[in-house]
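Based on the sequences and whatever the hints tell you, model everything.
First to last, the sequence lines map onto chains H and U. Just remember that the working numbering sits 228 ahead of the position in the first sequence, which is counted from 1. Just remember that the working numbering sits 228 ahead of the position in the second sequence, which is counted from 1.
Hint data in this document are derived by calculation from the structure and do not stem from the laboratory. Being a predicted model, the structure only gives us computed values, none of them experimental. Incorrect hints may have been included.
In silico DSS-like pairs for lysine-lysine, Cα to Cα no more than 27 angstroms straight-line [said to hold, decoys possible]:
1. U/Lys-282 x H/Lys-353
2. U/Lys-287 x U/Lys-353
3. U/Lys-413 x H/Lys-283
4. U/Lys-307 x U/Lys-379
5. U/Lys-368 x U/Lys-350
6. H/Lys-368 x U/Lys-379
One-sided excerpt, in silico: chain U residues whose CB lies under 7 angstroms from chain H [unchecked claim]:
7. Leu-259
8. Gln-262
9. Arg-263
10. Phe-266
11. Asp-273
12. Thr-274
13. Gly-277
14. Leu-292
15. Cys-323
16. Ile-325
17. Glu-398
For every residue, glycine included, the Cβ atom is placed at its ideal position computed from N, Cα and C.
Number of protein chains: 2
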Amino acid sequence: MQELEKIIGYEFKNKKLLEEALTHPSYSNNLTYQRLEFLGDLILDTVIGIYLFKKHKDKKEEFLTNLKASYVNRNYLKKVCDEIQIIKFVKHKNCNIKRTDKFIEAIIGALYLDGGWRVVKKFIKRFILNRELEPLKDYKNLILNYSLKNKGVVPEYKVISEKTYHNKKEFVVEVRIKGIKKKGKGKGENKKEAEIIAAKELLQKILGHTF
Amino acid sequence: MQELEKIIGYEFKNKKLLEEALTHPSYSNNLTYQRLEFLGDLILDTVIGIYLFKKHKDKKEEFLTNLKASYVNRNYLKKVCDEIQIIKFVKHKNCNIKRTDKFIEAIIGALYLDGGWRVVKKFIKRFILNRELEPLKDYKNLILNYSLKNKGVVPEYKVISEKTYHNKKEFVVEVRIKGIKKKGKGKGENKKEAEIIAAKELLQKILGHTF
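Here it is, written out as structure tokens:
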């Protein structure tokens with residue numbers, strides 16, 4: 229715990245909050261990360277939204293919505309989790325935890341409860357807003373332009389699976405371009421989000437760099 | 229404007245913010261409500277979420293998610309708008325504005341920018357959190373129980389339309405019970421949300437009271 233506190237640069241007054249944020253239900257039925265994830269998800273959205281609203285004074289709401297999606301989508305948050313190595317600190321029993329992004333949201337909820345807006349804003353600025361991202365939706369346009377220009381076809385999107393966990397849907401979408409072996413895969417809470425993330429992945433593979 | 233300020237109980241330091249929140253794009257292409265709606269939507273979600281999180285300490289995140297949905301869904305917010313009579317103050321050109329809920333979100337965005345968290349929380353507590361609501365998802369169970377008990381059948385849900393505005397989907401769903409003439413209709417950003425609202429409407433019609 230102390231190690232994680234060092235990494236995130238904040239010492240909890242109430243250590244139990246941080247513990248709760250890092251407890252998977254396989255480990256304990258009592259206090260687990262989910263309630264804090266509910267809270268952190270909302271707070272993350274709002275902090276990013278307010279930040280982008282103030283930064284991009286001349287942009288319309290659609291741009292803001294798409295740019296916010298780049299910062300709060302699970303794939304990006306998973307990368308952030310890998311950096312902080314959160315999964316090392318999660319208590320669970322023999323689980324292969326894939327949705328590491330949920331724990332960063334839970335930590336955000338815990339930071340808010342323990343330290344208030346100032347502390348949670350500092351964390352989000354340092355670990356999540358520290359990169360310049362493109363608005364999420366642009367990736368579908370970018371891959372479309374690439375595909376038309378280089379292969380003369382449009383990319384093909386296919387829904388591979390559609391599941392419902394509790395109240396939330398999970399779509400998995402694959403995108404291919406005829407004549408190109410590489411493919412992109414994306415998960416999201418709706419088809420469109422999954423398509424955008426798949427487009428982004430394929431674009432990264434084709435262009436050979438991340439963004 | 230002064231009349232509306234009286235109703236909502238807050239005097240804006242920067243009157244232009246309130247004006248922006250009440251300007252429809254049919255009236256002016258310059259400053260319109262949409263950017264503030266983006267902001268207010270996030271702030272409303274978070275204020276309600278934090279309030280419910282603290283109020284229901286023993287409830288799981290699913291309950292919190294469903295109860296939050298009761299307070300932030302467009303049908304409920306439209307009722308709040310009718311009370312404050314916001315539509316009287318909206319500047320537009322010959323428009324039949326149906327999504328009045330968007331203006332209350334824009335006002336919330338404006339209140340936050342003008343007065344900060346304290347002011348916006350006061351507004352939300354006074355006009356939105358002032359009723360005890362049921363978690364949204366319960367309505368489907370309630371209508372199912374009623375239908376099975378009284379008619380021996382399950383309610384039938386039908387998607388009437390599915391549209392996309394900008395990035396957001398809009399589903400319209402109708403629900404009927406065989407042997408009952410009344411029907412319920414609901415709109416939502418996904419099928420499930422639309423079904424729940426349709427179930428709620430039908431239940432209200434059958435039971436003859438609102439809740």
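Hint by hint, here is what the structure shows:
no., hint, in the structure
1, U/Lys-282 x H/Lys-353, "holds, 25 angstroms"
2, U/Lys-287 x U/Lys-353, "holds, 21 angstroms"
3, U/Lys-413 x H/Lys-283, "violated, 40 angstroms"
4, U/Lys-307 x U/Lys-379, "violated, 31 angstroms"
5, U/Lys-368 x U/Lys-350, "violated, 32 angstroms"
6, H/Lys-368 x U/Lys-379, "violated, 49 angstroms"
7, Leu-259, "violated, 11 angstroms"
8, Gln-262, "holds, 4 angstroms"
9, Arg-263, "holds, 5 angstroms"
10, Phe-266, "holds, 4 angstroms"
11, Asp-273, "holds, 5 angstroms"
12, Thr-274, "holds, 4 angstroms"
13, Gly-277, "holds, 4 angstroms"
14, Leu-292, "holds, 5 angstroms"
15, Cys-323, "violated, 18 angstroms"
16, Ile-325, "violated, 17 angstroms"
17, Glu-398, "violated, 13 angstroms"
Comparing the model with each earlier hint shows violations of hints 3, 4, 5, 6, 7, 15, 16, 17; every other hint is respected.
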